[in-house]
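Required output: the full structure, derived from the provided sequences and hints.
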Amino acid sequence: MIKENNIKFIFLSLSLFIIILIFFFPFFWIITSSFKSPEEIIATTTTIIPRSFTFEHYNKILFNSDFFIYLKNSLIVSFSSMIISIILSVSAAYGLHKLKFYGNKFVEYSLLVTYAFPGVILLVPIYLLFAKVNLLNSYFALIMVNVLFATPFAVWMLKAFFKLIPNEIEEAAYIDGASRYIVISRIILPLAAPGIASVSIFCFIISWTEYLFASILINSDELKTLPVGLSAIVGQYQIDWGFLLSGAVLASLPVIILFIFIGKYFVSGLTEGAVK
Amino acid sequence: MISVKKNNIEGWLFVSPLVIWISLIILVPIYIAFELSLFNVKIIGTSGKFVGIDNYIKLFGKSKFLNALLNSFYWIIGNALCQTFFAFTIALTINYKFPGKKIMANWIILSFIIPTVVVVVIWKLMLSSSSGVINSVLIDIGLLDEATGFFSSPNKAFISLVLINSWRWSPFLALIILSGLNSINREMYDASKVDGANFVQQFLFITFPNLKSVLFVLGLVGTLLSFNIFDIIWLITKGGPSSATTTLPLLIYETAFTKFRISQAATLSIITSFLLLLFSIIFIKYMAPKQDD
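Taken in order, these protein sequences are the chains called A and B.
The first sequence begins at 367 in my numbering and counts up by one.
The second sequence begins at 1119 in my numbering and counts up by one.
Simulated from the structure, these hints should not be mistaken for lab results.
Accuracy of the hints is not assured; some may be wrong.
[Unchecked claim] Here's a subset of chain B near chain A, in silico, CB distances under 7 Å, partners left out:
no.: 1; residue: T1211
no.: 2; residue: S1249
no.: 3; residue: N1303
no.: 4; residue: Y1307
[Claimed, not checked] Here are the computed distance ranges between Cβ atoms for each label pair:
no.: 5; chain 1: B; residue 1: F1191; chain 2: A; residue 2: L557; range: 25 to 31 Å
no.: 6; chain 1: B; residue 1: D1258; chain 2: A; residue 2: N503; range: 47 to 53 Å
no.: 7; chain 1: A; residue 1: E405; chain 2: B; residue 2: I1399; range: 17 to 23 Å
no.: 8; chain 1: B; residue 1: D1308; chain 2: A; residue 2: E405; range: 57 to 63 Å
no.: 9; chain 1: B; residue 1: K1356; chain 2: A; residue 2: E405; range: 39 to 45 Å
Glycine included, C-beta positions come from ideal geometry on N, C-alpha and C.
This is how it looks when you write it as structure tokens:
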């Protein structure tokens, strides 16, 4: 007994150490590097603890670049995509898992199979379609696409939460004469709230990180999103690392701030709600 | 339990906004792509002459297509292996009680919530051949004699990209696996312990079978999503060196937006959709969990 516990302890500590090293150290590394002097970043001798400390890269990106324009665009696109995705996926999940209709299994699987038509395959025809209906260079073009990528998985995530709500509660409400609207707004939505919170952050992340379509469907500088703006620097022959690193840190900040507030719902929603 | 009556009209009413949105943005483009694949259109916006199934026939003779198909295949296998390993390690570790478990479970997903471009920046810096921290650590502990370029040879580039992509996705998959682990009745482990089962047996006969429905969705969606990866590869290697990391998505992008052969790109898209659809149907038919409710 004791022996097995010892082995477990060693295994646990070892894998914790490796996980922290692999999945957290890189963040420590880019954050500290973004405050290093340009010479120290590209020096051949690596310094784990920074020797220099400077705000010059942040100064440059905040006051001498289009950062705020990109930030605004990313925020608008991601929030709109998130809200539309929630409305559509909550409604669909309710229909699929609470009402149950003829063909619901087919719809459920078809939704997942939409991932069989991934981004690049749709890229050329969507570009042509949007060109025809004059949607290129618009927020709406990106929102249409983000919703497509976020919702199928969102519906699947919501399934577990809807299944947790006992049908008896709903039925009792109907017997008392409640309308469908009352049942949804007073019973279903509040009970599914943790699920809706975790789905919304998922949709936000999908939109926030989207690069491919944003790089093709938008070509005016005024409407570019953060990932596209940032990638323009990655592609340069002589990379200004300090500039790039501070940009990377700043581009991650909004999702991290959002995650500080509703991250725990996302994680507990993912880990506790599903498959029960 | 009282069962809720099947409610056809209302059910469809709630599902239809999403179904319409998705069909509109998938079916119309697929139709456009199919039409394009029958013509010989080069630059976007111009027209070409009708060539029937010529584009399809030509494609199968092209070594570029076969190369990309093979790369995509290796990409899916490589990512599946790596991500399964990482994700299970993370999930099984976090499933134990230890100080800081909550914080760890919340923030392990950091690599998934940041933009892919940031993932690219992180690993380009860490793996840089001139000043990267990985190179200098590997040299310090004696694993390398001199700095190596992680993206300079075909094999190294491919493996590095698989690892970077797995780094991004594994924590997310781990949380989904964790949800499956949480749903397993604790008593089953206690009972098996009384019967003298060890760690490995518990994993094989309790943990794994109970994860079926989670693993089904991960297997299906995970494969399709990792097939779809474009930005990480494009922003790091652009498909090189010598096309070693050109998967089908990169080939389609290149054909359409750097070589300006729209009809060829559309043909590639149609064939790829067909292959993925075939995969999905077979996967659902044979792997779908038997009962669901």
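Is the gap between the beta carbons of K1356/B and E405/A within 39 to 45 Å? Violated, since K1356/B and E405/A (Cβ atoms, about 29 Å apart) do not stay within the stated range.
Quick check on a hinted range of 47 to 53 Å for D1258/B and N503/A, using CB atoms only. The hint (47 to 53 Å, Cβ to Cβ) holds, given that D1258/B and N503/A are roughly 50 Å apart.
When you take the CB atoms of D1308/B and E405/A, is the distance between them in 57 to 63 Å? With a Cβ separation near 60 Å, D1308/B and E405/A satisfy 57 to 63 Å, so the hint holds.
Do the numbers back the hint for Y1307/B, that is, is its least Cβ distance to chain A under 7 Å? Hint on Y1307/B: violated, closest Cβ of chain A at ~13 Å, above 7 Å.
Range hint 25 to 31 Å (beta carbons of F1191/B and L557/A) holds or violated: Violated, since F1191/B and L557/A (Cβ atoms, about 44 Å apart) do not stay within the stated range.
Minimum beta-carbon distance criterion (7 Å), N1303/B to chain A: violated, 11 Å
Let me know if the C-beta of T1211/B comes in closer than 7 Å to any C-beta of chain A, holds or violated. Constraint on T1211/B satisfied, holds at 5 Å.
Holds or violated: is there a CB of chain A closer than 7 Å to the CB of S1249/B? holds, 5 Å
When you take the CB atoms of E405/A and I1399/B, is the distance between them in 17 to 23 Å? Cβ of E405/A to Cβ of I1399/B: about 57 Å, so the range 17 to 23 Å is violated.
In this structure, the hints that do not hold are numbers 3, 4, 5, 7 and 9, in rising order.
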